[in-house]
Amino acid sequence: MSQPSDRILTDAMIAEIRDYFPRYPTRQAVTLPALHVVNRYLRHVPRRAVVEIAELLELAPAQVEDTLTFYAFFPQERPHGKTRAWVCRSISCHLRGAEELMDHLCRQAKVQPGGTTSDGRLTLEHAECLGACEHAPCVLAGDQLLKTVTADDADRFLRSLR
Amino acid sequence: MGEYEPVLLANVGVAGSHTRAVYESRGGYEGLRRALCDMSPADVTERVKASGLRGRGGAGFPTGLKWTFLDKKATPVYFCLNADESEPGTFNNRILMEEDPHQVLEGLILSCYATGARTAYYYMRYEYPLAWERTRAAIDECYAAGLLGSNLLGTGYALDVVLHRGAAAYICGEETGLIESLEGKRAWPRIKPPFPAIEGAFRKPTVVNNVETVSCVRQIIDRGVDWFRSLGVPPDPKNPRDAGSFGPKLYCLSGHVERPGCYEGPLGLTVRELIDRFGGGVWKGRRGKAAIPGGISMGLLREDEFDCPLDFNGPGRYGCLGLGTAAVVVMDETVSIVDVLHNSCRFFAHESCGQCTPCREGTAWAYKILQRIRAGHGRLLDIELLRGIGDTIGIMPGTTICGLADGAAWPIKNAIAKFRDEIETHIKTTNPGHYGATRPVPERHSAH
Ligand SMILES: Cc1cc2nc3c(=O)[nH]c(=O)nc-3n(C[C@H](O)[C@H](O)[C@H](O)COP(=O)(O)O)c2cc1C
Ligand code: SF4
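Protein chains in written order, with the working numbering: chain A, 2 to 163; chain B, 21 to 468.
Among the hints, erroneous ones may be present.
In silico DSSO-like pairs for lysine-lysine, Cα to Cα no more than 30 Å straight-line [said to hold, decoys possible]: (1) B:K205 with B:K93; (2) B:K438 with B:K258; (3) B:K304 with A:K148; (4) B:K304 with B:K438; (5) B:K448 with B:K438; (6) A:K83 with B:K205; (7) A:K148 with A:K111; (8) B:K388 with A:K111; (9) A:K83 with A:K148.
Beta-carbon label-pair distances, calculated as ranges [claimed, not checked]: (10) B:S356 with A:P114: 16 to 26 Å; (11) B:A164 with A:S161: 28 to 38 Å; (12) A:E56 with B:A157: 27 to 37 Å; (13) B:S250 with A:R79: 50 to 60 Å; (14) A:Q77 with B:R392: 29 to 39 Å; (15) B:P260 with A:Q77: 52 to 62 Å; (16) A:D67 with B:M416: 25 to 35 Å; (17) A:P114 with B:T450: 16 to 26 Å; (18) A:A152 with B:A165: 44 to 54 Å; (19) A:D67 with B:A41: 42 to 52 Å.
No lab work stands behind these hints: they were computed from the structure. For every residue, glycine included, the Cβ atom is placed at its ideal position computed from N, Cα and C.
Using the sequences and the hints, build the whole thing.
So this is what it looks like as structure tokens:
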């Protein structure tokens with residue numbers, strides 16, 4: 002392991018990752034759980050963290066990187082915003098105004114889909130079906146599901162961000 | 021259909037339904053307690069087999085039969101609970117996991133007991149934070165109550181359930197994609213055979229079942245085989261290979277209806293019954309135009325086909341791919357089929373795992389063509405191009421490893437077969453003067 006001072010993974014993260022080891026017959030199976038742990042703390046998984054995860058899991062860094070990049074879920078270059086909001090664009094939400102909702106959110110928050118606001122409060126992204134079609138159009142903002150979102154709801158959501 | 025009393029959704033709406041206390045106060049875990057004492061694993065499998073239960077995750081494979089394919093001599097056996105639910109329009113697994121996580125766990129424990137699994141991986145998609153929290157809490161409650169762990173209810177049977185979180189990729193719902201993802205690799209589906217029952221997770225015999233399927237297992241153990249077979253549609257006598265469509269089903273209804281939601285009924289309700297009786301009709305007093313019968317992969321029904329019954333054979337008789345997840349998405353008369361197809365093609369182009377060239381290139385190409393048509397640059401020739409793609413990608417034409425490509429092809433095929441006039445009219449009116457153009461695309465030579 003590298004020196005604690007220039008490590009990216011904190012002791013807390015490493016302990017959380019190690020907790021997963023007994024649950025799987027291989028170390029490689031801990032790849033996704035480890036990526037989730039790091040992403041929860043850092044809001045991205047920089048390459049240095051990939052190398053450190055690989056060391057922990059006794060894998061080549063390329064194996065971890067391979068899995069990471071498959072999912073398009075873990076940002077690598079810079080952290081996502083404090084809140085990551087996913088606007089569903091699949092068919093049920095599309096039929097009930099998802100496109101207009103995304104346009105509205107982009108205008109009000111002054112970002113493009115996939116972008117992060119300049120104050121770092123919000124990353125706004127498209128999502129495929131969020132599995133909440135009875136509440137279309139819907140947005141998953143962090144752990145919070147926003148249901149049947151109107152323009153007013155969207156404005157209220159943006160004001161609530163900190 | 022007479023009055024139908026929901027069983028799978030019986031606890032939904034009851035205060036505290038996600039807790040063990042409320043679940044047990046309503047009869048929860050009684051079936052499991054009885055089964056662990058009085059029934060052998062083979063008895064449970066036999067009962068599930070006799071019920072005729074078929075998988076609710078999309079493919080409709082007989083559940084008990086799948087369990088008997090396990091290599092009995094090999095150990096360990098793994099059970100993977102497929103809670104990746106990502107088929108557009110589908111949300112019944114979410115309702116079960118949020119509102120009644122213990123029912124899912126009871127079904128899972130029964131299924132593991134039957135198959136001899138001692139570790140279950142519960143693979144849940146990332147986008148279900150409430151289901152995740154409630155399932156996590158429910159698992160903790162089970163360990164505390166001796167319903168999970170090294171000695172279930174003192175019977176000596178040991179079972180661990182490991183919650184595993186996905187990372188927003190549709191392909192992880194395909195059972196071998198799920199297994200690869202669980203193993204920490206990219207979720208590239210495997211070539212079958214070998215099927216997971218022979219070589220699955222960590223190269224061990226593995227059963228993969230859907231959340232609603234194991235919930236049905238719990239109901240079968242509670243209420244019996246006869247009850248289960250009294251619901252739904254018996255096998256078609258003219259088709260010796262038909263296993264019938266028995267039992268209750270959770271129908272997801274969304275899109276242009278007055279009351280979207282998850283509704284329970286016996287298998288075999290028609291799309292029209294769902295819309296009119298449960299959904300309060302097409303919204304805003306409008307007419308329906310089309311519907312997706314079972315998640316977007318299953319294709320499209322026209323309004324005059326809404327009497328299609330939602331059983332394992334129904335949608336196929338109307339040219340659709342199958343029952344899928346029985347998630348019905350309704351479109352009213354104002355909807356443009358070009359727009360719907362654009363949405364569908366975008367989804368599959370985005371979600372193709374990229375492993376098979378016909379799927380990766382075909383879905384991307386179809387999406388580009390739809391972008392062109394939607395933007396008013398379509399040519400009549402494009403319809404033939406799309407048809408060519410639709411006819412050549414998938415397991416059925418034998419060009420791909422998994423069924424994602426068949427699901428991508430079906431909306432294209434159905435749209436052209438059922439709404440060709442509308443697509444042609446769209447092309448002609450949005451691209452007047454050029455729609456017939458067959459100007460050759462400049463050839464590009466690629467180097468090896
Ligand atoms: C592209 C694709 C996506 C799938 N997604 C899911 C899914 O999200 N959930 C699910 O249970 N089955 C899904 N399936 C079906 C699974 O491969 C498998 O048949 C199912 O999990 C078996 O469980 P069952 O027999 O209980 O239905 C998918 C299949 C394909 C081809
Ligand atoms: S058919 Fe498509 S999604 Fe399935 S394995 Fe091949 S490329 Fe991947």
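Verification of the supplied hints:
1. B:K205 with B:K93: Status holds; Cα separation ~27 Å.
2. B:K438 with B:K258: It holds: about 27 Å lies between the C-alpha atoms, which stays within 30 Å.
3. B:K304 with A:K148: The given pair, whose Cα atoms are some 20 Å apart, holds under the 30 Å limit.
4. B:K304 with B:K438: The hint holds at about 25 Å.
5. B:K448 with B:K438: holds, 18 Å
6. A:K83 with B:K205: holds, 28 Å
7. A:K148 with A:K111: At roughly 22 Å apart (the allowed maximum being 30 Å), K111 (chain A) and K148 (chain A) satisfy the hint.
8. B:K388 with A:K111: The given pair, whose Cα atoms are some 28 Å apart, holds under the 30 Å limit.
9. A:K83 with A:K148: holds, 21 Å
10. B:S356 with A:P114: 16 to 26 Å: Given a distance of about 22 Å, which is inside 16 to 26 Å, the answer is holds.
11. B:A164 with A:S161: 28 to 38 Å: holds, 36 Å
12. A:E56 with B:A157: 27 to 37 Å: holds, 33 Å
13. B:S250 with A:R79: 50 to 60 Å: Roughly 59 Å apart at Cβ, these two residues keep to the hinted range, so it holds.
14. A:Q77 with B:R392: 29 to 39 Å: Holds - the Cβ-Cβ distance for Q77 (chain A) and R392 (chain B), about 33 Å, lies within 29 to 39 Å.
15. B:P260 with A:Q77: 52 to 62 Å: Since P260 (chain B) and Q77 (chain A) have Cβ atoms about 55 Å apart, the given range 52 to 62 Å holds.
16. A:D67 with B:M416: 25 to 35 Å: holds, 30 Å
17. A:P114 with B:T450: 16 to 26 Å: Given range 16 to 26 Å: holds, Cβ gap about 25 Å.
18. A:A152 with B:A165: 44 to 54 Å: For A152 (chain A) and A165 (chain B) the Cβ distance comes to about 47 Å; the hint holds.
19. A:D67 with B:A41: 42 to 52 Å: The hint (42 to 52 Å, Cβ to Cβ) holds, given that D67 (chain A) and A41 (chain B) are roughly 45 Å apart.
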